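As they're listed, the protein sequences go chains B and G.
So the first sequence is numbered by the numbering used here: it starts at 2 and just counts up by one.
So the second sequence is numbered by the numbering used here: it starts at 64 and just counts up by one.
Check each hint, because a few of them may be wrong.
If we take Cβ atoms under 7 Å as the criterion, some of the chain B residues that face chain G in the derived model are [claimed, not checked]:
hint, residue
1, Y39
2, A66
3, S91
4, H109
Treat the hints as calculated values from the structure; they're not laboratory data.
Remember, predicted model here, so these are calculated numbers, not experimental data.
Glycine residues also receive a C-beta, built at the ideal position from the N, C-alpha and C atoms.
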Amino acid sequence: MSEERFVRQYALVGKRARTSAADFPLDTLVQAAHKGPYSSALRQEHIEVLHLCTDSPISIAEIGAHMKVFLGVARVLVGDLIDQQLLVTSATTGDGTPDLNSLERLLHDLKAL
Amino acid sequence: MAPQISILSKGFSMTSRLSEPQAPARAGAILAVKPLKIVVAGGFAAGKTTFVDSISEITPLTTEAAMTGLSVGVDNAGDVTTKTTTTVAMDFGRITLSESSMLYLFGTPGQDRFWFMWDELTKGAVGAIVLVDTRRLDQSFGAVDYFEEKGVPYVVCLNTFDGKLAHDPDAVRSALAIGPDIPLCVLDARDRNSVKASLVRLVEHAIVRRRLS
Chain B
2 MSEERFVRQY
12 ALVGKRARTS
22 AADFPLDTLV
32 QAAHKGPYSS
42 ALRQEHIEVL
52 HLCTDSPISI
62 AEIGAHMKVF
72 LGVARVLVGD
82 LIDQQLLVTS
92 ATTGDGTPDL
102 NSLERLLHDL
112 KAL
Chain G
64 MAPQISILSK
74 GFSMTSRLSE
84 PQAPARAGAI
94 LAVKPLKIVV
104 AGGFAAGKTT
114 FVDSISEITP
124 LTTEAAMTGL
134 SVGVDNAGDV
144 TTKTTTTVAM
154 DFGRITLSES
164 SMLYLFGTPG
174 QDRFWFMWDE
184 LTKGAVGAIV
194 LVDTRRLDQS
204 FGAVDYFEEK
214 GVPYVVCLNT
224 FDGKLAHDPD
234 AVRSALAIGP
244 DIPLCVLDAR
254 DRNSVKASLV
264 RLVEHAIVRR
274 RLS
């Protein structure tokens with residue numbers, strides 16, 4: 002990969018990456034806690050994340066894809082905003098297969114598509 | 064000799080942190096909507112992105128992860144290390160099922176050396192679709208072995224290219240050494256109904272598996 006691209010993204014998340022507990026699974030959904038206006042102290046990248054999920058929740062994977070940053074960078078940005086209570090998250094997919102109730106509802110929903 | 068690459072999970076390295084428990088959602092409020100995911104695996108050009116595109120409500124997106132490792136030269140004193148970075152790309156799509164659930168379909172990265180990413184993708188997944196191009200059966204072994212070993216519910220789907228299969232389903236079942244309990248279906252990845260039927264089949268299979276466990 003391009004070294005510059007890596008370095009540029011590293012600069013984006015800086016030192017926080019080392020301490021941020023940004024271990025959310027890539028399918029975790031997030032939504033902006035309010036529609037703004039946001040503090041002018043926020044970085045442009047953070048504002049961009051908030052704008053992506055103002056109206057409806059989206060996954061961390063989508064944030065990474067839309068912003069063209071690595072998943073790890075998207076996680077750090079999301080982590081920053083959660084720490085500032087600017088983002089609300091969904092429950093995450095657990096470690097194992099979803100429970101029977103969820104599976105049966107999914108089956109019903111899929112058939113109805 | 065090839066440099067040895069080790070996956071580091073410290074700090075910025077954007078690896079999936081395999082051994083660590085998932086972070087609980089923090090900071091109070093939790094959204095009413097929950098994600099669900101299904102993994103779409105298969106060899107190169109088996110039709111994974113076509114499959115996702117046929118049913119996704121968004122044009123498939125690509126997300127990238129970077130794996131940082133250290134290459135250690137074996138013929139030096141061991142004190143010279145070089146940082147290396149490999150990126151892995153995954154295509155995915157989304158289906159809003161209801162106000163309370165969103166289904167994500169994640170295509171797996173093709174190359175076997177990206178198994179670390181498969182672990183993150185399959186964690187908590189409903190199950191997996193193994194898309195098979197019957198002209199390249201050998202490309203499906205890795206995925207079948209992986210899901211068997213991890214106990215992930217999966218169905219094998221033979222993607223018809225130009226309406227043709229190079230081998231009939233029974234021959235494929237035997238060639239891939241798939242047990243009789245694993246559903247096998249024939250589909251056209253370009254066709255929404257065909258894709259939908261395979262997802263329904265997978266969820267039915269996951270339900271049976273869940274009841275048995």
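For this session: Taking the numbered hints from earlier one at a time, note which ones the structure violates and give those numbers from smallest to largest.
Result: 1 and 4
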